[in-house]
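Engineer: Chains as they are written, first to last, in the numbering used here: chain Z, 1 to 385; chain F, 1 to 385; chain E, 1 to 385; chain C, 1 to 385.
Everything labelled a hint here was simulated from the structure, so no lab data went into it.
Note that the coordinates shown come from a computational prediction; the quantities given were computed from them, not determined experimentally.
Keep in mind that the hints are not guaranteed to be accurate.
For chains that are exact copies, the list does not tell them apart, and a pair is met inside one copy or across any two.
No farther apart than 25 Å at their CA atoms in a straight line, the calculated lysine to any residue pairs in the SDA-like style are these [as the list claims (entries may be wrong)]:
1. LYS128 - ALA287
2. LYS341 - ALA287
3. LYS128 - ARG97
4. LYS273 - GLY304
5. LYS75 - ASP343
6. LYS182 - PHE212
7. LYS273 - LEU176
8. LYS75 - ASP348
9. LYS273 - GLN297
10. LYS182 - ILE202
There are 4 protein chains.
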Amino acid sequence: MNSRRRLRLGMVGGGEGAFIGAVHRIAARIDDHYELVAGALASEPEKARRSGEALGLASDRNYETYQEMAAAESKRPDGIDVVSIVTPNHIHHDAARCFLEAGIHVICDKPLTTTVKRAQELVTLAGKSGLVFAVTYNYSGYPMVRHARELILGGEIGNVRVIQVEYPQGWLTDLLEASGQKQAAWRTDPQRSGPAGCLGDIGTHAFHLAEFASGQRVAEVAADLATFVEGRLLDDNVNILLRFANGAKGMLWASQVAPGNQNALRLRVYGSKGGIEWSQEQPNDLALTRHGAPTTQLTRSGAGIGAAGAHATRLPGGHPEGYLEAYAQLYTDAAELIRAKNDSRDPDPAAALVPDVRDGARGVGFVSSVLASSSANGAWTGVPA
Amino acid sequence: MNSRRRLRLGMVGGGEGAFIGAVHRIAARIDDHYELVAGALASEPEKARRSGEALGLASDRNYETYQEMAAAESKRPDGIDVVSIVTPNHIHHDAARCFLEAGIHVICDKPLTTTVKRAQELVTLAGKSGLVFAVTYNYSGYPMVRHARELILGGEIGNVRVIQVEYPQGWLTDLLEASGQKQAAWRTDPQRSGPAGCLGDIGTHAFHLAEFASGQRVAEVAADLATFVEGRLLDDNVNILLRFANGAKGMLWASQVAPGNQNALRLRVYGSKGGIEWSQEQPNDLALTRHGAPTTQLTRSGAGIGAAGAHATRLPGGHPEGYLEAYAQLYTDAAELIRAKNDSRDPDPAAALVPDVRDGARGVGFVSSVLASSSANGAWTGVPA
Amino acid sequence: MNSRRRLRLGMVGGGEGAFIGAVHRIAARIDDHYELVAGALASEPEKARRSGEALGLASDRNYETYQEMAAAESKRPDGIDVVSIVTPNHIHHDAARCFLEAGIHVICDKPLTTTVKRAQELVTLAGKSGLVFAVTYNYSGYPMVRHARELILGGEIGNVRVIQVEYPQGWLTDLLEASGQKQAAWRTDPQRSGPAGCLGDIGTHAFHLAEFASGQRVAEVAADLATFVEGRLLDDNVNILLRFANGAKGMLWASQVAPGNQNALRLRVYGSKGGIEWSQEQPNDLALTRHGAPTTQLTRSGAGIGAAGAHATRLPGGHPEGYLEAYAQLYTDAAELIRAKNDSRDPDPAAALVPDVRDGARGVGFVSSVLASSSANGAWTGVPA
Amino acid sequence: MNSRRRLRLGMVGGGEGAFIGAVHRIAARIDDHYELVAGALASEPEKARRSGEALGLASDRNYETYQEMAAAESKRPDGIDVVSIVTPNHIHHDAARCFLEAGIHVICDKPLTTTVKRAQELVTLAGKSGLVFAVTYNYSGYPMVRHARELILGGEIGNVRVIQVEYPQGWLTDLLEASGQKQAAWRTDPQRSGPAGCLGDIGTHAFHLAEFASGQRVAEVAADLATFVEGRLLDDNVNILLRFANGAKGMLWASQVAPGNQNALRLRVYGSKGGIEWSQEQPNDLALTRHGAPTTQLTRSGAGIGAAGAHATRLPGGHPEGYLEAYAQLYTDAAELIRAKNDSRDPDPAAALVPDVRDGARGVGFVSSVLASSSANGAWTGVPA
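The shape of chain Z in the complex, shown without the other chains (with noise of 0.2 Å):
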């Protein structure tokens, strides 16, 4: 598998005390389809270069500026194949527009921008561009939920008629923000996040998930967005209805105010002949039901699995996988996309369901209908296309 060289991976933040930068460098490394060589790890300059020395990056490849770092490895002929981005989400659009421009490939994490018109701006670069570009909707990159699209796509539960989906988290229950806390600070910052909190956060997983999984696309949101903790900036509870372009009807509720909840995502969907039912924090299982018949519980790597889910696998059944497999699944799918591109073949399909750019550019729209529903009092307000 990895006879191949690796990839060359840069990264833009993801420095000290950053969570989803150490996520995204271990989800690089399980698979071994990358090296990270070059970095640009933090907004401050004192702090990135600290940050790339504990990372053991070489002094001249760890950049105090994303821009320095893009310009760099564009001419050094072993210059990154590929970046990542995992910065607070204000600085997505420039600094994925900076290195499509110097014909690197891009991984950047969710949500794609904090506007519609920036994130239709990389929608057209990147199409221009003809680089890879994946988005890191990671929950899609667990064998169980690919196995679920399988499943529905394949029109084992029939006619997709209702989907439930939520994500509810509690830590955000009281104003944390207020402490300091790195994590919380930026998250209900709308500087740094844009003009949605709990909505951009996880509500666009949510979101994401239940399309991919379902092979449907939403038509139309009507939405109560709240904030229940005084003195936070953004909202903090996200109640949505959702009309399908198939007729399909939904919900989603993401919560950060929900105490007893961790990082509970959950799906459900059910058509004219059956249903399933995925939890991300049991991510290993996958109830099937038939109507008329019992429930089956379907395992990772257990019997009934197809080949979506063996793709995104490592491990026999009982052996559980976690987030950061999932995650790993989409660098994993990203290489071969990259390797591709660069060996102009077609990439394994399989690999092909790693989100992309027109994915992040869907759940930014989604975020702004959201956000003008709940402005207009609920008003059933279209999704772009």
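With chain Z fixed as given, assemble chains F, E and C onto it according to the hints.
Structural biologist: Chains F, E and C in isolation, oriented as in the chain Z frame:
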């Protein structure tokens, strides 16, 4: 406990082939406060007679119509103390009125009536009569629901912010009513069910549970009803956004087209200090999380259960109680209310939690508001106080 | 169902403060086949009298001793059809004998007696009498246990190889009997319980469940009993290796010193083609795996449930039944056996699954063999046929 | 964390088609402490070569035999720091000895060897060498297992009384080895596995987990092994009674013929003050009950997790870690031990929990005692200290 004489019970509806009538009879027996002595068990006289014989009713108290029963029983020295009305919904109002006017206490199934106006009439009539009028929102009889209420009203989870309630079933995924299946037939027939299908049948339970356990009142709703099964005459999937009078927000989902769900009523309530979660299919458990602490799994009759829960249970922990015992609790509480009336004393306050005619009317108001909102494309619509 | 007259029931034991007596009375009421009309409810006359009054017994049928009751009731034209014996274990034998000799059917709690010899006497006496003698191994009344038995005896999991049964509780982690708590006091007192503590109280249930559901017979045992709580007079933790007559092997663990367990009886049976798993605290579910296929979650009254399970249930799926309904099933089945005797007809075969005096004696034999093995440092010891 | 140079890793075994070799390689990468630079990956030279090429090994470090590798690497200035031995069991001893003698640290799969004598030789040799010798009882790398150990050793559940451990799988329900499936073939072959089948493969994991988490030592065993599948050469079901040195008692069940179980390792420990429960398939959770209080569900990185658990985790709660991360923890801890040796300093005490050669030898002693007991019809047999 039952050294007192048993209350004499009559029943309207619940004859051959009825599900809920048999449930009511078992519920009335479990704690030994009632003896079934009279009935008008079906609308067809012959079927009514056969049903009463099968239950061992004396022939002179096995009535062809409830009107006869009310008239005759109110004159007997050993006449019934109380009547259970377990017919399809469209009969509830007239039957209840008939027995109230005959001076007989009433236990009535939900939804109370099919229109707000008729519900209000019953509220007024019951108020004037001074009689007990219980409405069998049976899920409020579960000890862990009572305990959840006690916890929340006692401030254990702080100010209530988020209420998520759902009630999915899958049994109407196909057009089962076309097969003549009795339960499906009347529930999907506007003539017998009224204008709401899934909404009236199970959505009202979810609504009552949410208000009962949380102590909060729904102020307005934004609803999106659907009928997914072709040929069905009433809604079979109900998506509702909720706003509560105290500022809490929530969602209510009820469905009868969600394969894999049998009777999956589930409530989650989150506040500024913690949260609770309860599922009807595992009714002996209640998860309680205080923000910042791990989740505690409370169990019926286990450590930490207070007076309200203890009042509603019969067995030590680990010996599961179920649906019938919860139903029995309403009968037992109603017996206490009736005896207290008869004895001109105050009832045990724990028994006063049994839902009454105003709760029944509130459910009818909720149905009406949801239908109005859904017809108005989800416009926020107030729920009558 | 109950067009026939109710059977007249007497009760020995089960007075004030008794847990299991109240359970038996509810169980007898649920399906409406019995009417409690006589009792000798406690060994102290005054307490017996008070207890009977509280239950509304007529004063002439509220006896001071069971001997009086047997004598008087056998002479009445409206005398009891059947007696329930729900005393501490040491009374079972003499009371059962007394009623058998009076020609009265018997329902007796387990363990049947405290010695093998006395158990055999009852088998002989019951056999000669032609009377019904049911023993309340109540867990065999659960519909999913009945269904498991039907599956296994029907060959669904192939040749049975491995049987794991366990029954942990935690309530005797401390020396609760020292506090005077009634349930703890008699169960840990060799005078009232016999020579086995945890083993007789709950180990016998586990043993019966394993044999009942699997259709296999334990041939020999190797046991290691322990008394962990200082000052306790009987065993409180039971570890046993099992060898079955057909070559299957298994383990039985019972404990009353396992905090975190309430009444966690659990059975797993594996064969050459599949396996099943059932837990008493989630009694409405049964996991079935056919080797090479994913696990199927069968539910009471759900898809795929056969005649044996359907016979033992009252409600549709998702409406949980519990401990009391399982107990009621034994009463209901015993009623059918008694009526069939009275009518000189064959009973419904499904009702014949109710455990009888031979099953009771077999449990006593098991206890005896386990005690012998444990005394012999775990030597393999045969279980009397 | 990885500012230090990566340790240079060699591998013996783990070539094409091997499951556990790939696991070790991912485990070594996850926390970035190792770089795989050499290997003797298969016993057949051609397969060894192909396997090394596929992994990108330099041709001069892609060895045909481990003997060559030990000899050559010990002479290189950039020779491997440490070797991973991931062959079938019968090779472990000779390979480990070879690298110890070459002065190279060792990470070895379990069971350490196939005889007690050879295990002891390795203990002696490792002791003399002063080298790090880790044995991959990988389940001890799970953070919640570490936390359980910390709780129990900290007295949280009082004096340990009862230890129940089980490890059922179902994959060998049929004679899979007859199909040539590689994993089944060597595990059921006495030439490659040694005299124990299921016992050595997974029973040893259960044994280590029980001792590791509880801090107790098994003093003697009474065992009943079985081979259920006709034609199989080694045991496939293991029933053992345990007596611990402190007086605790327990049971160990391991099986590879239990359909419905994938890799269901599960530990329960009960003491005088409480109990814990952990399951490998839901490894992020740990149930803790203090006697008299409700059960608390502890979660990885959640509230109430101490230093030992925190040491072994990478992600916030609700972001599941799994089997690979637990495996990685052993590699990460071994890296700390190796670096501490190299730096002549004391290692982080948390890292010292990684199982060593004595733990490996103890597992071999356990296997030997269990085999002896089972051969002696379950006679209690001491486990070598």
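Engineer: Run through the hints listed earlier and report the numbers of any the structure violates, in increasing order.
Structural biologist: 1, 2, 6 and 8
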